[in-house]
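Under our numbering, the sequence shown has 198 at position 198, and the numbering climbs by one with no breaks.
By construction, these hints were calculated from the structure, which means they are not laboratory data.
None of these values were measured; they are calculated from a predicted model.
Careful: at least some of the hints might be erroneous.
As the list claims (entries may be wrong) - Derived pair list, reagent style SDA-like, types lysine to any residue, alpha-carbon separation capped at 20 Å:
{"#": "1", "residue 1": "Lys-103", "residue 2": "Gly-76"}
{"#": "2", "residue 1": "Lys-75", "residue 2": "Glu-65"}
{"#": "3", "residue 1": "Lys-96", "residue 2": "Leu-154"}
{"#": "4", "residue 1": "Lys-96", "residue 2": "Lys-226"}
{"#": "5", "residue 1": "Lys-63", "residue 2": "Glu-115"}
As the list claims (entries may be wrong) - Cβ-Cβ distance ranges computed for the label pairs, FRET-style:
{"#": "6", "residue 1": "His-78", "residue 2": "Lys-200", "range": "24 to 34 Å"}
{"#": "7", "residue 1": "Leu-216", "residue 2": "His-78", "range": "45 to 55 Å"}
{"#": "8", "residue 1": "Arg-28", "residue 2": "Leu-216", "range": "32 to 42 Å"}
{"#": "9", "residue 1": "Gly-159", "residue 2": "Ser-43", "range": "42 to 52 Å"}
We treat Cβ as the ideally placed atom computed from N, Cα and C, and that holds for glycine.
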Amino acid sequence: MRFDVLTIFPRMIDFYIAESIIKRAIERGLIEIGVTNIRDFASDKHLTVDDYPFGGGQGMVMKIEPLFNALTHVKGGHNKHTVLLCPQGAVFNQDKAMELSQKKDGIVLICGRYEGVDERISLSVDEEISIGDFILTGGELPALVIIDAVTRLLPNVLGDERSSIEESFTSGLLEYPHFTRPAEFMGMRVPEVLMSGNHKEILKWRRRQSLQRTLLKRPELIDETKLTEDDNKIMEQLKEEV
1 MRFDVLTIFP RMIDFYIAES IIKRAIERGL IEIGVTNIRD FASDKHLTVD DYPFGGGQGM
61 VMKIEPLFNA LTHVKGGHNK HTVLLCPQGA VFNQDKAMEL SQKKDGIVLI CGRYEGVDER
121 ISLSVDEEIS IGDFILTGGE LPALVIIDAV TRLLPNVLGD ERSSIEESFT SGLLEYPHFT
181 RPAEFMGMRV PEVLMSGNHK EILKWRRRQS LQRTLLKRPE LIDETKLTED DNKIMEQLKE
241 EV
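Just need the whole structure built from these sequences, with the hints factored in.
Following this line, the structure appears as structure tokens:
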């Protein structure tokens, strides 16, 4: 899969993708990431990408011409799924990450800045996405969040393919707690069941912990998750314990 990021701060993207899982995925040819500087498509000698808003008001607005020209260049006539990162967009979640992971023709991520972008660019995008109900300086961090979340779902990216299946939100619930060596630290012991070697009991323990953690921390997720008959029995027990 190929990601193309349109930004006026390309080094912000370059620094992140040069590390960890993203770097390894690039080296193995599992993903490509192109970073395009929108300023390269400005038409004046000062490479201007913003201007005052019509109608007055505070701040500056990203100009339509360099943004449109950069997008046209990157898409190159191909049907790449184009995303504008902005506060007005639908909130990004695991379901959206899974949906985007199926965009085989590639994804273009447009990073807004200043007070926003000229509204006319919305006619050239497929959807608008936000990573939460708060304001950031620009779209670079959201772009990296999306690249990271989507990349993890692609085949052969993770060392253990089960990792992306068992993580929080993939099943609708929060993930169970994790432990590693030493078995005891400052009087705090790892649950005995995890060291028992009894995989059936370990799975039962993990499912109960996942349900319990979700009930305590994100109860709204319970209503959105399809629970089994065993899950419902566990939920009844957990509610009695509260």
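Results of checking the hints against the structure:
1. As the CA atoms of Lys-103 and Gly-76 are separated by approximately 16 Å, the hinted pair is consistent with the 20 Å bound.
2. For the hint pairing Lys-75 with Glu-65, the CA-to-CA distance comes to about 15 Å; that is within 20 Å, so the pair holds.
3. For the hint pairing Lys-96 with Leu-154, the CA-to-CA distance comes to about 14 Å; that is within 20 Å, so the pair holds.
4. Only pairs whose Cα atoms come within 20 Å are accepted, and Lys-96 paired with Lys-226 is accepted, the gap being roughly 18 Å.
5. Only pairs whose Cα atoms come within 20 Å are accepted, and Lys-63 paired with Glu-115 is accepted, the gap being roughly 11 Å.
6. Roughly 49 Å separates the CB atoms of His-78 and Lys-200, a value that falls outside the hinted 24 to 34 Å.
7. Between Leu-216 and His-78 the beta carbons are some 46 Å apart, a value that agrees with the proposed interval 45 to 55 Å.
8. At about 39 Å, the CB distance of Arg-28 to Leu-216 agrees with the hint of 32 to 42 Å.
9. Our hint of 42 to 52 Å for Gly-159 and Ser-43 holds, since their Cβ atoms are close to 47 Å apart.
Comparing the model with each earlier hint shows a violation of hint 6 alone; every other hint is respected.
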